[in-house]
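J.: Chain by chain, the residues run as shown.
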Amino acid sequence: MNWTAIKSIYMFEMARFFRTIAQSLISPVLSTSLYFVVFGAAIGSRIDQVEGVSYGAFIVPGLIMLSVITQAISNASFGIYFPKFIGTIYELLSAPVNFLEIVAGYVGAAATKAFIIGVIILVTAFFFVEVQIAHPVAMLAFLVLTCLSFSLLGFIIGIWAGNFEQLQLVPLLIVTPLVFLGGSFYSISMLPPVWQAISLFNPVVYLISGFRWAFFDTADVPIGLSLVAIAGFTALCLVVIGWIFRTGWRIRS
Amino acid sequence: MTSILTITNLQKTYAGGFQALKGINLDIEQGEIIALLGPNGAGKTTLISTVCGITTASAGQVRVAGFDIVTDFRAARALIGLVPQEIHLEPFETVQNTVRFSRGLFGKKSDPAKIQDILQQLSLWDKRNSQIRELSGGMKRRVLIAKALAHEPRVLFLDEPTAGVDVELRKDMWDIVAQLKRGGVTIVLTTHYIEEAEAIADRVGVIAKGELLLIENKASLMKRMGKKELSVQIADPIAALPDSLSGYDLELSSDGRALIYRYDTRAKRTGITALLADVAAAGLALADVETRQSSLEDIFVDLVQSEGGTS
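Protein chains in written order, with my numbering: chain B, 8 to 260; chain U, 21 to 331.
Just so you know, not all the hints are guaranteed correct.
Subject to a maximum C-alpha distance of 25 Å in a straight line, what follows is the list of computed DSS-like cross-link-like pairs (lysine-lysine) [said to hold, decoys possible]:
| no. | chain 1 | residue 1 | chain 2 | residue 2 |
| --- | --- | --- | --- | --- |
| 1 | U | 229 | U | 191 |
| 2 | U | 247 | U | 201 |
| 3 | U | 128 | U | 201 |
| 4 | U | 134 | U | 201 |
| 5 | U | 248 | B | 14 |
| 6 | U | 229 | U | 248 |
| 7 | U | 147 | U | 134 |
| 8 | U | 238 | U | 191 |
| 9 | U | 128 | B | 14 |
| 10 | U | 238 | U | 248 |
| 11 | U | 288 | U | 238 |
| 12 | U | 128 | B | 91 |
| 13 | B | 91 | U | 160 |
| 14 | U | 243 | U | 288 |
| 15 | U | 129 | B | 14 |
Everything labelled a hint here was simulated from the structure, so no lab data went into it.
Chain B extracted, bound-state conformation:
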């Protein structure tokens, strides 16, 4: 492994994050605070406890997931799309690095950024609601796995995208609806049976359920199933990325 190259890509990408630190951090913190004000205080005060947890606290895992998934995808997709757009990808393609090293650098940086934002949102939540974490290690593990797997998805989107519109297309039209309908703000047990069955086809349900279990020891789907879902999703992304680099799809003519 070319560890120096991985470190170089990682540090270069992180430098971009720190260069725009204000907008990188203020935006998610502000939007999360607004969610807490609107859903937690204004609407949440009229909602009884959900599965034994106050509504304000109940939405914390979902809010973190919402931001982490969005950030992981946008950071990773932009990270690899930008070199394609400005042409600096030539340097990556001509360097003595393989696809695993390139992915490790870009996805590692995107996942780190998403993780930092997830932690900051968690800290912000403590200012609004009382949150307990039943399984801290599992919570961190779920957070890291989600950051990684969705950064991998973002990387694929960045390779696939031919312009900035396409770069936004998948997150806007597919990922955001899946996250919102994946139980970010409610338990799927609150839905009618038909919609509960339909929701089980949404992969994000398993992530949010598992993450919420780490906080409140209560879940919509068994925790084992959540782990299998996130592991399977990560493996699928890795297989797709492996194929991309083997065939040179959209990057090497």
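Following the hints, put chain U in place on chain B, whose structure we already have.
T.: Using the frame of chain B, we list chain U on its own:
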């Protein structure tokens, strides 16, 4: 001399069926400067891109210092530096960071002193903390070279390094190339500026329609294929060539003061002695005689046109 780059039967056919390289064979020796000349679309950039790993070859083999660019890609690519034709740089990054990144990407440990050397050599040290977007076009080209040199490559590919730059910067680039050669770097540059190849190359290759038409020492190429032009200036202008000189391939200048005679330097007899004698016999007083060697450009145009390779 030791061979640093060996290209054998390299072919590239793009997905649409366009054959950009049609079996290129090329052997480059360590420390030389090769200029690859060719019209637009000849395959110069495809050749460089394939050797550097940006484009995948359809067939053939490339070895860099004995390392195959596919099976030993790490060792092969570590020896290569590439300066692309277009200015591809991260606009918001600083000069120093972007050069440092290139060194790391090629697996070399951080070496601030080496980076300083390179930046100083390219007159970029004063701009090391400037963002790329703040630099002039010429400075950006220097940054591209600095990035390509950051990992101390043994072979440097320059893809049309002076395309669209002013004369002064072009001369600067030639100086930089000469400096790199003195440092032992092998340089392969593509260009369609004949004067560039003429000024700095040791050997010249001509590519047209994906084929390497020739690769030869610049001086011997000019000697072998060059033609000379003899201009015989006469004291008193004439309206037409005398009949006694009709046996020569002569042209009368528009002002009637010079007889233009073209001859092949490779011919056993150039015919100059007989011509001058016959000019004197025709009663024309000689005022002056001068010769002009045809340039590489003339040779290039002749070659490409004779192969039907113009585009």
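J.: Work down the list of hints and note, for each, if the structure agrees.
T.: Verification of the hints:
no.	hint	result
1	U:229 <-> U:191	violated (29 Å)
2	U:247 <-> U:201	violated (30 Å)
3	U:128 <-> U:201	holds (22 Å)
4	U:134 <-> U:201	holds (18 Å)
5	U:248 <-> B:14	violated (59 Å)
6	U:229 <-> U:248	violated (29 Å)
7	U:147 <-> U:134	holds (16 Å)
8	U:238 <-> U:191	holds (19 Å)
9	U:128 <-> B:14	holds (11 Å)
10	U:238 <-> U:248	holds (16 Å)
11	U:288 <-> U:238	holds (22 Å)
12	U:128 <-> B:91	holds (24 Å)
13	B:91 <-> U:160	holds (19 Å)
14	U:243 <-> U:288	holds (14 Å)
15	U:129 <-> B:14	holds (11 Å)
Checked against the numbered hints above, the structure breaks hints 1, 2, 5, 6 and satisfies the rest.
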